[in-house]
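Protein chains in written order, with this note's numbering: chain A, 1 to 529; chain B, 1 to 445; chain C, 1 to 328.
Hints are supplied without guarantee of correctness; some may be wrong.
[Claimed, not checked] BS3-like mimics (lysine-lysine), calculated; alpha carbons at most 25 angstroms apart, straight line:
hint, chain 1, residue 1, chain 2, residue 2
1, C, Lys140, C, Lys32
2, A, Lys434, B, Lys98
3, B, Lys98, B, Lys111
4, A, Lys479, A, Lys469
5, B, Lys111, A, Lys434
6, A, Lys434, A, Lys479
7, A, Lys434, A, Lys464
8, B, Lys111, A, Lys110
9, A, Lys464, A, Lys479
10, B, Lys98, A, Lys497
If you're looking for bench data, these hints aren't it; they were derived computationally from the structure.
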Amino acid sequence: MPLIDTLARLEAVGSGRAQPTATVRHRHLSGRPLVFVPLTTAGEAGAPLGALVGTDRDAPRLLVVPQPRDRDLRFTFLAELADVILPYIDSHAADVETAERTETDPETGKRVKVETELCADAPQLIVPSRTGLAFVRLLGRSMRFRRTAEQDPQAPYPAPPRVPLLGRWLTHYGERSRVPGSALLLALTDVLSRHWATGQSGLEDQHLGALLAWLDPPAGTSGAEAAREAELARDPAGQLRCPPAGPATDPAFDNKLLAPAIERYDRARTALAAAEDPLEADDRLAALTRAEREIRELIESQARPTWDAVWRGLDLLRALPAGGHAEERWTRDRWSFTGHRDRVLAGEPPQPRRDDAVTAANKLATREREQARLEAQEALDDPLVMAGRRLAGEAFAGEVTEVVMAYGEGRRPSPRPLVTVRTEDRPHLAERAKVYRSLAGRPQSAQFVERAAEDAIVLRILDKMGRGKEPEPGSVPEKGDRVCFTLFEHEQRGGAKLPDPEETPWTHGGPPGEAVPEAADRITEEDVL
Amino acid sequence: MTTVDADPGAAAARATDAILRDTLGATERGVVVDSPPGAGKSTLVVRAALELAEAGRPLMVVAQTNAQVDDLVLRLAEKNPELPVGRLHSSDADAYDKALDELPQVRTSAKAADLAGLPVVLSTAAKWAHVRVDEPWRHAIVDEAYQMRSDSLLAVAGLFERALFVGDPGQLDPFAIVGSEQWAGLSYDPSASAVTTLLAHNPGLPQHRLPVSWRLPASAAPLVSDAFYPYTPFRSGTGPGDRRLSFAVPSDGSGPDRVIDEAAATGWGLLELPARHTPRTDPEAVRAVAAVVRRLLDRGGAAVSERSPDPVPLTAARIAVGTAHRDQAAAVRAALADLGVLGVTVDTANRLQGREYDITVVLHPLSGRPDATAFHLETGRLCVLASRHRHACVVVCREGVSDLLDDYPSTEPVQLGTLVKFPDGWEANHAVLAHLAEHRVGWRP
Amino acid sequence: MDKATLASALGAPSGFGQSQFALTRGNAFEAKVKADGGAELLRLAHTRLDPGADTPESAAVPDLSAQGPEGRTARTALALREATRAGGWTLLDHPMLALDVAGSLAFLEPDAVVVHPDGSWSVVEIKSFPMLDGSADPAKVGAAARQSAVYVLALEDVAARLDPAPRVRHRVLLVCPEDFSNLPTGSAVDVRKQRAVTARQLARLTRIEEIADALPEGTCFAPDRDSEELTAAVAAVPATYAPECLSTCELAFHCRERARAAGAVTRLGRPLRAELGGLTTVEDVLAAAHGELGDPDDPAVAALRRAAALRAEALQEARNREVAAVCR
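Kindly produce the complete structure, drawing on both the sequences and the hints.
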């Protein structure tokens, strides 16, 4: 952890409250995000137990699987989930603006601009924590290869068509969330931790209740006390007062409350099936309904505190002014959303189980570029982030003490003024290192010439001074100006173009060949009641 | 192969012949050569390049950094001044070593088309990735292939028909600045090393090993081989008495002098400072490193080796200081400047890869640390630092690193399907410390 | 000693405990893997570890029951010897092995050991976390590999007593549920690294007697003592709390309270200390940062002051900007 963040954490311990590590909000927040608080069944991968989901903080939709091992009930849950999420996605897919995109012309091979559609806004999904992100990916993976009755009339447990479609969207969102700085799918604990340091470890920050306790402790208590209470306090029956943010539930809840309730539900169901006359069936149906309602209440009792906590967390984030470049990164998210919308519309198959060599390499390249972009942009948008870079020797700020006009060699002498900056920062400047400052939002580069004194750095300004012999007004810092130069570049160069997947070289297994549709997952008999 | 050559030269020559036979005979699309530290990798690359050029096979050479490319160009030019060589470079300022401009047979350009038709063209993997050709090169040599990432090979592999891959599996692995766990275990994991991917897809390729380190002395090769290359051992090209270090000025009894004498006599020295938790730029340890270097120069050192029976003076250019972090290197440079020492290389492990000195002084990556992170335990880092010297290596470290290692037992995650090529960093650190403990000089500055 | 019970008695119960849903499914899975005389397990051992060997049409599954751990260990050693001599495939279901740990014998019970037709031995580890599209949680696989490495070492002890000593394979078979199903799938895991590390750890392990000797006389961990006495007893055992402990140790919450009371910085994470040098408490670090303590020539103190100054400057800049925005 960078020292400046360590200090913030320790200040949080000292003051009993979380301390800022950002002065602006570095992630875009939608005006109407969809919050998703899922719960899962212990011991089985991707087996949903229930969820609260929706865009209205006062009216979440409660979805429950009363018997998690029953595949019919699970599909009902997933179909209901699709009924909430897909309309929300569709509401963004239709509203478009025209935009330009550079593409390679297939005939000439030249880069040309084409007019295309860009969705005006994109749906934003919020989950409570990082484990929630993993669960979204898992759900996406478990749903996207499901066979519908239409695709395969023989499928033993055909899924409603919305289920594989939701699986594809969740997969896309899950993958996108791996791109640094993206905001289509956010884990609230990650976003909060980006902006504040608590007096506990990063691992403990993954507990949403404890994290919020540090950010916003109840009156009269310290963050430490409130966090401890959120983590550990139990009622006389041994249940946690602040249930975990999921998707895993507390074992004490599973064993003492949920398991007996599911057992009652199973018994009621068996009894109903065995009913011999309508009157008896009516009574037993009522019993089954009661048993189901009991489970619903249990699930809600576990998910609701987290649901409310997520909205509280969003309130805290909204109070911060938006960072300058957050919107630009959101535009990339909109492109990502629009691209997937088009792939679905074009009838492309679901994302494969594994990326091919070229796709994997392209994804990694994109993420590394976005990581570098994010780090640069956050520093430029936020003096507190820049302070960390200055402390690390990756940037320096100071006052211009001298400007000497000089000219470059060459036939047409162009201005190459020498600027001396007095600074207390200690940048790691190698010989002839390049440095950059933001000039009206564009990077201007300079070269390190020498240290005139221990605290005086001489730079040669290299560009953005116009075409004339004399620099354009305002393009060269003046004596007395306060300037901040970075050793890192502000904009990222595009990487090399990789071969098309059909041209995968022999070193990487050669062309993958004709794509075959992915098979559906196998199903264990015993999962099905 | 079970025969053991008594003569390391013969063993090395046989390995080289087999490599060149497979490369020029070219029945397979690729040949892989593992080269431990100082085993003559560059010599092999230059020789293979010259023989391929001689055979009339258009050759491209891929290296990982501009410095490596420039170094190969200079070596080629030295071996065969007649051979026209192309140096493809980026369009940045200072893209290549200006010394190349002095060589008439070397043509430099930022455009591959300008260099078409030359028998050998060299560049970095990053630059080659932007080159598009209609007709692939007949042959390529990929240097430092273990430090090249799989995705980087993917971008250039379409440029050649067959290739010789050469590298040291023990040095620092390539890394990605973002997580890449989702592809771990895939044969073409883009963040894995190029060789890993190549061999996963082409397991039948001939694999060779240079069996002899000409750099490491007899005192160092067994330790480095056991600790870092347990599954692919190598030996030293020289015997116990072949390299000697002596000093004109006798020891003044100080810690630095005693550790210098220990290192001169045995090849290793551990200057151990009292246990203490310190920040990375531990001022005492940094001053101790500088003091050792100062005394190495002041005491009139001279080296005798198989290269020269007459003693060769130990100059600043033959000494290097290695650290784990850049700020440590900066602190050591400042401390050396305070003592008036000039011309000694001070750098991090990453930058010392592939370099060679008579004596190295190493600030142990775990010295004074309150914790041991994966970065500091990375096997390649310690391996690079412990394998740059021809005569002796002095390690400066605070006491208590063994206990620190015990407090941080290795709990590395394991990805299914990945190949284990290298020992565990924790284990290798213990192995090296156990050996260094036998050459310990305690010192309270 | 039961650390969970001890933790409850100390007043800081662990969050551990297993959901019965996980338990049921885990047990059902292991039963499935070992059903039909281990046919599925042997099929996986054949395809993942030893595809060149004959297919395991039939396999011996010797009875390993015996009186007490020593008896079971002896029975296991006997069965291993017989299986090695017999050739063909043998499955040892829940064998018992012994390993010398710091001078006292620890009894270990691997899920299974397979004897191959060539007489070599393999460890089998059955886990209930899934292998999804061929990959699994690396932290969990790592833990399984370290666990298996201990079994490999214990098996090597048994093998060393036979002549000729059979080979103990360093690739173990990890069996997990496949994707979202409860069907077994397997993967070979190379545990050479873990084996080497464990061997060195065992060699370096503080002998348990040494820990016992260092404790004050009369130290006792029996959970029926009162909480204060227990706290004192536990405090006498050296241990360094770090947040990672929370996911692995039942006593972590107790140790965290102690670390908090002592003001130790490590409770915020181990890497935190890296740049703090000799400063180990929150109070000292803050005092050093604010110029009230410490030698300004100490790089840790200097860096902290620099960090504090830069932080204050940036926060002031942000406040000024807010004020300006309000005035506009």
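Of all the hints numbered above, which does this structure not satisfy? Sort the numbers upward. 10
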